[in-house]
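Q: The lines below spell out each chain.
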Amino acid sequence: MEEREIAFLTVPFGPQHPASGHFHALMKVDGETVLELEPHPGYLHRGFEKLMEYRIHPQNCVLADRLDILDPFPCELGYVNAVEKIAGLEVPKRGRYIRIIMTELGRILSHITWIGVLSMVLGFDSANKIAWGDREKIIRLNEMATGGRIYPCYLCVGGARRDISQEFVDETSKALDYLEGQLSFYDYFVFKNETFVMRMEKVGRMTAEEAIDLGATGPNLRACGIDYDVRKDEPYEVYPEVEFNVITREEGDAYARSLCRRYEIAESISIVRQLLNNLPDGAFRMELSPVWAAPEGESYFCLEAARGEKCFHVVSDGSPFPYRVKIRPPSLSHSLVQFPYLVKGSAIADVPAIYWSLDPGPADVDR
Amino acid sequence: MKKLTPKVIKSKGEARAWSVWAINYFTACGFMELLPWVGSGYDMERFGILAVPTPRHADVFIIAGYVTRKAAKRIKMIYDQMASPKYVLALGSCPMTGGMYWDSYATIKRVDEIIPVDLWIEGCPPKPENIGHGIVMAANAIKGGLEGH
Amino acid sequence: MISNIESDLKSKFPDSLLNVASEDKRITLLVKKEELYQILSQLKDTGFNHFSDVSAVDYIADKEFELIYHLWSHREKIRAIVKVRIPREAPAVKSVFDLWTGAQIHEREDHELFGIDFEGNPNLSPLFLEDWEEIPPFRKDFDTRKYVKEKYYQEDEQYPIVKG
Chain A
1 MEEREIAFLT
11 VPFGPQHPAS
21 GHFHALMKVD
31 GETVLELEPH
41 PGYLHRGFEK
51 LMEYRIHPQN
61 CVLADRLDIL
71 DPFPCELGYV
81 NAVEKIAGLE
91 VPKRGRYIRI
101 IMTELGRILS
111 HITWIGVLSM
121 VLGFDSANKI
131 AWGDREKIIR
141 LNEMATGGRI
151 YPCYLCVGGA
161 RRDISQEFVD
171 ETSKALDYLE
181 GQLSFYDYFV
191 FKNETFVMRM
201 EKVGRMTAEE
211 AIDLGATGPN
221 LRACGIDYDV
231 RKDEPYEVYP
241 EVEFNVITRE
251 EGDAYARSLC
261 RRYEIAESIS
271 IVRQLLNNLP
281 DGAFRMELSP
291 VWAAPEGESY
301 FCLEAARGEK
311 CFHVVSDGSP
321 FPYRVKIRPP
331 SLSHSLVQFP
341 YLVKGSAIAD
351 VPAIYWSLDP
361 GPADVDR
Chain B
1 MKKLTPKVIK
11 SKGEARAWSV
21 WAINYFTACG
31 FMELLPWVGS
41 GYDMERFGIL
51 AVPTPRHADV
61 FIIAGYVTRK
71 AAKRIKMIYD
81 QMASPKYVLA
91 LGSCPMTGGM
101 YWDSYATIKR
111 VDEIIPVDLW
121 IEGCPPKPEN
131 IGHGIVMAAN
141 AIKGGLEGH
Chain C
1 MISNIESDLK
11 SKFPDSLLNV
21 ASEDKRITLL
31 VKKEELYQIL
41 SQLKDTGFNH
51 FSDVSAVDYI
61 ADKEFELIYH
71 LWSHREKIRA
81 IVKVRIPREA
91 PAVKSVFDLW
101 TGAQIHERED
111 HELFGIDFEG
121 NPNLSPLFLE
131 DWEEIPPFRK
141 DFDTRKYVKE
151 KYYQEDEQYP
161 IVKG
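Protein chains in written order, with the working numbering: chain A, 1 to 367; chain B, 1 to 149; chain C, 1 to 164.
Certain hints may be false.
As the list claims (entries may be wrong) - Here are the simulated lysine-lysine pairs, DSBU-like style, with alpha carbons at most 30 Å apart:
1. K83(C) / K93(A)
2. K76(B) / K28(A)
3. K76(B) / K149(C)
In short, the hints are calculated from the structure, not lab data.
Bear in mind that the values here come from a model prediction, so they are computed numbers and not experimental data.
Using the sequences provided together with the hints, build the complete structure.
A: This is how it looks when you write it as structure tokens:
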């Protein structure tokens, strides 16, 4: 009787896949069960940290937008805050308010985009199309304030480039009312939908110790019970003056992560309303020359992006070009450390659900 | 009763022009302005464009955004797997000139060194109205007899 | 709480700590490379259980790399920054993969982009680049504009034209 060898099939979750963004992973499967997953990022690598050393600060603010395609405002905010911290600049109050209004609107946009993409990969096309339509409201607000739909190029060292008008304030209030109504619709249509709950509950579960060891931050960590939010623990800009809650859940599975993000949209709507009601008058930026140079020194600035903890480390040597810029992306740990860990032992059909419930940004990983 | 006369399709270009299927490949940041086209705001399905998951069913390859050296090999592989007649659309400034990353060591500067390109829609990223103008231009060119490769 | 951590470290590692600075919620240490692993291990036992990242800066004039570790303690809500200087020729430190699992991917990225060796890391294969034959690209002696002009652009006195 001849010897038979058992070999396992290697299936690519390839770069060209409707559910993967531009991210490649090789899965070793036994029937329908995934035994091991090996990620291969790098299809979107541009070498941002090297490119930033060749450009002056206004050019870097434009370039920093493209770090995370789905959530550009925190990237700009992090860079300008890190540079201002080296020089000890005091940004005028109205400029700070404008920055955080746009950042929180960007957080709502990122979470709605996430609902759309998650529904698409689960096969729930109706919710996908409705989410894409709701995105347009916030993108039109972006265009009204900054001129750019997706890439605003709005902040600069010392404040914001342009002021916001009264028309923008009125349109934002209307859009926030509309989005609050849509949230109750999403509750009924998506989050309490029996099929959605069955596909997401008890899938991709993490305990709190595992999550901390793997380096999770953002809603992924808060869904396991740890309340770490940089806006409350190391407050920056105007966050000490607004009131909001940090959303945590206990279960640690994909459904808990989804609910964390859904309630965060409601909190962001409330933050923007508080800021619009208390908007101060006055200057919105400091007048600095384009070739302004920070003094010698370095600084480390952390902020809470939609995906998690994003940190900027800037070293300056006294010239208009930064000496070194290091960016800590939140998605590096999501898609390269947590995703292979959570997928072991699950079915192939659950792989896209686990991947998008962690909310990775493929451009954020590669930079 | 009114007599119904059927519309006669006169050329193969007319048959191809309004049924161009695009492959579902989220290349890079230029793709963000194709998402409203997938949704019901701008809706590309009324132009006959569907997103298909496999290259073997696709007619057009939309390269939206910059192309890195690592992705360039895969793009060539996917292009070879598509069946003739096929068309290629480049979206954004990055595929054809290098764009904002002109001095990056990891991106290629002209994608038509690897595959031939039929239409280039400029912008960073181009607005959805620009993309619609480009799609209609391409469909009219196909109707007028543009042969794919 | 920060003063407790400071005095604890100063008593356990008297000759390795070159500088200790503390602010409102941050403590910054400059250490010698010999006892780096022990200091990081001691910080983990004190409660710094979240590993943010490890980054490198290339000080080519001093012929040194500076490695910077960023840690966070969930219980006390304090951030710790540990800096160490290693020589530029044959840079190597011990990996902290066994203390924090999430550290492995950051060390792999620094290995690929700077050429620093982390002894004990189970996987240091290339992450972002494929078939890369030059020196590690984030070092200061790699000029990315010169590389791109030679590889992709034609020779021209006025302005570069793309080849092809």
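Q: Okay, which hints does this one fail, numbers in order?
A: 1
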